[in-house]
Each structure stands twice: as C-alpha cells, then as structure tokens.
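> Residues per chain are reported as follows:
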Amino acid sequence: MKILCDRAALLEAVSVVSSVVPSKTTKPILKNVLLRADSEGIGLFATDLEMAAKVRLDSVKVSKEGTVLLPAKETSALLRELSDPTVTLESTDLRCRIESGGGSFVLLGEDPEQYPAEATVVSGKRLEMPSGVFLRMIQETMFAAAREETRYAINGVLVDAGAGCVRLVATDGRRLAISYENLQTDDDVQFKAVVPLRALNTLARALTEGSKEEIIIEVGEKQVVFTTGQTQLVSQLLDTRFPDYEGVMPKSADTTVEIQKALLEGALRRAAILCAAEMRMVKFEVGDNTLRMIAESSARGRADVSIDAVVKGAGGSINFNPDYILEALRQCDLDEIRLDMSDDSMPAKFTLGESFTYVVMPISGA
Amino acid sequence: MIKKLPIAVVNQIAAGEVVERPVSVAKELIENSLDAGATRIRVEIRGGGAEELTVIDDGDGFLPEDLPLAFASHATSKLSTVHDLEHIGSLGFRGEALASIGAIARARIQSRRPDGEEGWEMRCDGGVESKPQPCGSPPGTRLEIRDLFFNVPARRRFLKAPHAERARIQQLVAELALARLDVDFTLVSDDKELLRLPRNATLAERVGQCFGRDLSRGLLPVSREFDGLKVEGVVGEPDLARRDGKLELTYVNGRLASEKSAVYSVRQAYREFLMGGRFPIYVLHLVLPPNQVDVNIHPRKAEVRFVESRKVAGCLHSTVRSALQARTMTFGEASASEGGVQIRPEMPRARSGFPTSSPSLFETGGGGAGGIGRGAVRDGSSPSAAEPAIVREPQPGAAPNAAERPNPFRRAAGRFLQVMDLYLLLEGDDGLLVVDQHALHERVVYEQLKKQHAERDVQIQRLLVPAVVEVTPGELAWLESVQEQLGSEGLLIEPFGPNAIAVQGMPTVLAKTDPKQLVRALAMGESDDGKSAIGEHIAERFHSMACRGSVMSGDRLTDAEIEELLRVAATLDHPHNCPHGRPTVLTFSSAELERYFRRRC
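Just so you know, the protein sequences line up as chains D and X, in that order. FYI, in the working numbering the residues of the first sequence are 1 to 366. FYI, in the working numbering the residues of the second sequence are 367 to 967.
The hints are simulated quantities; they were obtained by calculation from the structure and are not laboratory data. C-beta: ideal position from N, C-alpha, C; glycine also. The reader is advised that the hints may include incorrect statements.
Claimed, not checked - To give an idea of the chain D side of the interface with chain X (calculated C-beta under 8 Å), a few residues: (1) Thr171; (2) Arg175; (3) Pro243; (4) Met281; (5) Asn321; (6) Met361.
What the hints assert, rightly or not - When the alpha-carbon atoms are kept at most 25 Å apart in a straight line, the in silico SDA-like pairs for lysine to any residue are as follows: (7) Lys878/X / Asp895/X; (8) Lys882/X / Ser83/D; (9) Lys878/X / Ser317/D.
When you get a sec, could you build the whole thing from the sequences and use the hints?
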C-alpha cells in the first residue's frame, strides 16, 4: 500500500475513528485502526467490539492499494506533531513507513487479517435530520443519564420515534431530561432504542454545533447506525427496559414560577457553595414574586439568596440537589424558564426550552 | 452381573469418606474419648500418624459385651432413635468411625471399665476382626492404629510428608483442647512432647500453651449472656492479627464449628481495627439450645447452621465490639494479661432457661475452673423439659469491665517534631509517641463528618422511578421487619410482590449509591437492625471522604497545623486507629526505652 494525502484531513479522520479505540483492553489488537486504500481513496475503521467507527477520505492519491493496521495512539500523535501539509504512507508486510518533511517514521503494525471484520449492518427504520439539531438533543439529555456502571443505572439515552416526532430521554432515576423535535417522518417509522452513553459521547465529538448537514439514523434489531457525511458510527443497542417516562411527568402543579435563567443560575451557584460536601441540598422557598434559596452546612455556614420571579399559585418550599438543576441550566438557551412544582413527594418540572423539559425529584425529610 | 459388595469393601469405601488422613483418625478417636468422659487424653504418633497413632484415655471403657460391635458399621452407643438427632450432645453420633478405621488399618483396642475386673482386647486388621480376649489394662481405653491405608495404596500416595501430617494433628489437638479445659491433653510425636496441656488452665493460658506464649498476653476475655445464648471466650488484640484465619475459632455447644454469618460478624466487629488482609484471632464458645443449631449439615461436622443466624451474629458482633472498644492495653505493654480469662465457675444460667441437666451426668472432671465446654456438650443431650426460648435481640449482658482505653493525646506535652514528612514524634504521658499524620488526620476528619451527620435531620432523595430489587423470602421478611427503621434513616422501601421490594427514596448522604446495590448489601449483611445496617454504609462513605480529605504522607506541616491536629485528636474517643483500622500511634513506654538503653533490667 502507498498513499499520499493531506495531513490535517488524515489526522481528523484518524482522531474520529480512534475515539472508539478502548484505552484499556485485554485484546491488544483492538488498540489499532485499520486503514484500507482502494482505487477511490482510503477508509479508516476501528472498533471495540461494541461500537465501530468508519471514515472515508476521497482526496487521497493512492499509488498502491492495500490494507494496514496502525497503532491508533501513536499514529494520531505522530500526525499531530508533523509539520508538512502532506504525508506519505507506505507499507511493506506489517510495517508502515510515514514520510513527511524531512522525517521518516516506521510504525510496527499488526496483521490486518486478525482485526475484527466490519459487521454487516441490517438496516431497519430510518430517520434523517440536521446533525446540529441532533447534537443539541444529545446535549440536552445525556447529562441526566446514569454514569454508574450498575444494573439499575440506565447508562443510555432513549431514542423514541413516532407520530411525526423524535424524542431523546435520559434518566438516572432521580431526574429525567426530555428533548424532542418534530419531523416529517413516514408513518411507519416508529421505534424505541436505548443508545449507550459512550456511543453518543463519541458521536457528539464528531458533530458540529448548528450544522445543517444531515445525519441519518438507522435502527435495526440490535444495532444503530449514525451516518453523517463521510463518517459512520455503529453501536450495539442496550437491551434494557427504559422506564415509562410519560408516566413520570407531573400532570399538574400547585405552583408555577417564571424565572430569569441567568438570575437563577447565578444565585443557585452562589448558594450551593455552602452546601455540606456529603449532602448537597438547597431549599427553594417560593413566596410573593420571589424565589429564595437557602443552603446550610454546620461546618461551613449559610447562604440565603433571593431573586425576582413571577409566581402563580400557592407557593411553598421544596428542597433540591443544586447540582441536578445547575447541570440542566448549563444546557439551556432560554432567557426565561419555568418551574412547575407541588410538594416534596412530587417531581418538579422545569421547562428549559421550546422542546426541552426536565423533571427532578425533590429531597424530603424522613 | 450385579453383585452386592462384601461388607469389607463397603467399609473401605465408607472409610474414604470419613478417613482422609491421619488427622481424621485422630479426630474420631479423641472425640470418642471425650464422649467416654475422659479427663486425661494422651495422643502418641509416629511418622506423622500414618505409621502409628495411639490414643489413650481414662474414660468409661467398653462394656466387654459391646466390644465385638466396636468395629461394626453404624453401631453406636450415642444415639438410638431418629428423635435423638435433634438433641445431639455427643461429638460423634453416626457410628461409622471405628468401622471405617478398622477397614483400612491395623487397629487394636484395649479397654477396661473403671469397675471392671479385667481388660479386654480386640483387633481388626483391614476389616478382619479378631475375637475379644482378656488382657491387662488400666481403666479406660487404649486405641492403637498402625499402618494407616496399608491396604489402600491409592490413599497412601496422597499423604503429605510426616511433618505436615503432624502439624495437622497438632492443630486438631489444640482445637479440641480449647473446648475442654477440664481435660488434660498430651501430644507426643516420635517420642517428643509437642503439647502438654494440664487440666484446669484458663482459656488464655491454654491458648498460649497451644499457639505460643506471646499470644496469651494480648487476649481480652469476653463473657456475655443474651436471652438464650451465652458467648464467652477470648478475643485477640488487633495487633495480634494473622494473615490467615486459622485462629478464628468458634465453638458451638462445645463443638468447633464454623458458621458463615458468625465468622462474618466477628470480622465486622474487628473491621475498624484491622488492616485489610488480616484476620483476627479469637476463641469463642457459644452455648445455645441444641434445637437452635443444626449440626448435621456437614459430613465432618465442621459447619453448623443456626435457626436464628442473624440474631446470633448480632450478639457476637456486639460482644466482640464492646470488648475491643473497652481495651485497657497500651501498645507494647501487657496489662490485661495478668488477669487472664476470668470465667467464673458458677456462671449463672441465662434467663431463657437453658435445659438444665442433672449435674451428676458430667461430674467426671475436676471442679474449679472449667466452665467452658465442659458442661456444654452434655447439657444439650438431656431432653429439655422447658422448651428454650429463641435467641432474642442482644441485651446488655455482663457489662465489659475493662476501663476505656485512654486517649494518648490528652496528656501529650507541647513539643513535637515532624519527620520524613509523615510521622510526628511527641512526648506522651509516659513515653514517646510516634504518630502517622495521615492516619490520625483521617480519624479526625471522619469523626467530624460523623458528628455533623448525627446533628443533622435525615434527608431523603426521592426517586423518580422506584428501583425494584429482587430478594429472597427470608430477606424480604427481614426488610419488612426493619422497614420503619430504614425509613427513619432515609431509605424508603415498600414490598413489591412476593419476592421484590421497591426503593422509593435514598438517604441523601448515600444519594450517589445505587439503590439496588445498597438494598442487596443490606439484605445479605449480617446486621440485625436496620439502623446499624445502614449506618455501616454511611460510615463507609465517610471513610472514603475522610481519606481523600486528609493530609497525606509527604505533606510538610507547619507547627500550627500540627498543634491543631493534636488538639483535636485529644478530644476524640477512639484516636487509636484510622477508620480503616490502621494504627495512628505507636507508643514507646518509658519502661521500654529504659530496658532498651539498659537503664533498667
């Protein structure tokens, strides 16, 4: 194999596929990326056996076709450090020589035959939307998913499509985020799939904010394929039962509070400083057009912050873990948000965008 | 063609199950002697016991008319009806031992009843029995086993070197002897006396005789009575801990037996005082009504099962825990050892009414000390008139008499020195203190977290989606019984069908914990009441917070920081260990320093 290509483009492509390469593995061959050169250009492929990433580069001069397996970490580090705009790769047996500027480097690869083959994807239901929109939906939900690697945790985000609408839902059992988007989908496009967090994280890194480029989502029985431009990401779906998120949504509220998002975020961050380290809790007191936030720690002190708000309903007080609210506010673009709350045994609902809803369970006394 | 196996072959096969190596022979024979009421047992072995193993006792001896049945299978004098199985008080009961041994070795019995005129002798060579013959014999029984496995070469090949087999026998004799302080034990190997255990020693003395004198100085006596359960024995100072669990000895009604939850609960009691990978040493005797124990679950009787295992575990935990917390010993200085074990001969019976048996039944041993073990085995064998009450919640029994271990920082003088950016040297009340700054700070931070937590109201992070956890019916019953306690600690649970519970809320301190894992850990734990069960998990969380939040090895401290650390340490109740059990301070007493510098002999 022998190719000549643009260094920056190759670096970008290697970085994207490298994001699925496991940092620790008992199968050393998985630390590589596969590079295949054919008459039309090159394809890069990497997998950790649960997900796989594929990128094609066409603007490559292929003087000799072939396949080589390259160590992912060293290859991307090397491409980053080289200074020339172009780079030449030439392989003989398992060695790959990289030439750029005055330097010559030899990477010891492994046998491409031993690398896991690209799985043939059985495509099923298919969706299309601007990739910038999908990125926003990921960001509005992913933070609420459970991080812990436990059975209870729902380490994934639900993609629920149907009736002209797509919803992304994530929860860790204590709070839940929903982001939705209306689409002109065919009536028969209807599915529910739980995508692992890791896959969405990788995908989010490959997408650009506000991009109009389409992303195609194909959901099969056990796999999902995301395709945008020359990049493709395949992931196993999680075989878990996602909780009934619609049942969790509060149907009514005793009190409705409308607040400036920036005011709330600033005040809550200040108050949260004085929470006890081992027990994060801020009390929200809703009174006469004010929202008062109180945090107290016997070891550190007490915070008492009030902000203006438009209050409708009975008012009252309710305790929250401030981190749950701050994490959501970070993803919110609205100037004014709405809080619907009842008592401390009922979930409170935050409206954080036209299509972004967030539900948090309060903290109560014993 | 199918044939019925000859008795000799059947016995050889059965022997394989009972007799694995010389130590199994020794165990069967010594237990027989104990069951025969011996007060003096001498074990002589050659070649690790495979060549020759002789047990001589002064027990009841065989009735001459019983002797022909000695080597018959399933013949025993200890049990006659199925009903007796529920009240097993003797050590052996299946009537297989001698038959098995006789089938695979050359055995010889010489025995005389105390009231008999002459002794009788009988042999059994690889299952071939001789006729009983009169012989000269002192009162008691002498059982001689030679050439073990002479007719089973396959077994013989699996024997270890003689010294290894000897070590096993030595451990066995020690283990049996710790249950019977009223019996004199001697072990002789190749004419060398390995163990000499005179009667009526205290338990601590005997532990020292068995396992090394230096052990006996660090043994804390314990004795507690609960409703329907008596716990007594000795627990070792944490610094005696070993790398194996060989000296974790629990006796149930006089029989050495392990029970999972019991072992676990004692280790839990030690947890704060021991480093990981270390096992405590202890010898504990549990006496409880025989119908509260199932001894018939293990072929070698090495395991038992308690009807109320949680409650037994709770009692053990609190007994050991309070003994450890009330230690009077200072590091390196033996002060508790003088007293040794204090077992009062007239230990009052538990309120629950253990089956009281007629004392004449076991009035074979010398009076005086004893107490442990001696009566226990026989006690159970007499059918109880009053059905004994089940073990209940731990009740404060005999209060631990040892005074609180003093806080060494309380009287530390004002001068100190930090060395190696890790240790603080200071002058204590009587001698030199070497302090591990990280370990001590960890304890200080841990106590602060605990105190703040105790002052705060319990807060519950409610769950949006209840977490459903599958549990066994037994676990469910326990969880339901402590549901309210758990709720008041912040864990809201509700039964969810016949074998699951739903978690509705979590204590805010544990909000990051997975609800399912928490409930599973609680259900499988050994703690009896919900409050302390959940307390353990909260403590664990504080441990890790304290560890991260403390000064580390390598942090250079200013004088002001050291002063402050020592000042706070002086206010603590338990400054001797960090929350993970590592010691915080090493004391060189002035006496030790004087001895070392030869200022005093």
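> Next, verify each hint and record whether it holds.
Here's how the hints hold up against the structure:
no. : hint                : result
1   : Thr171              : 6 Å, holds
2   : Arg175              : 7 Å, holds
3   : Pro243              : 4 Å, holds
4   : Met281              : 6 Å, holds
5   : Asn321              : 7 Å, holds
6   : Met361              : 4 Å, holds
7   : Lys878/X / Asp895/X : 23 Å, holds
8   : Lys882/X / Ser83/D  : 53 Å, violated
9   : Lys878/X / Ser317/D : 24 Å, holds
Figure legend: structure checked against the earlier numbered hints; the only hint not met is number 8.
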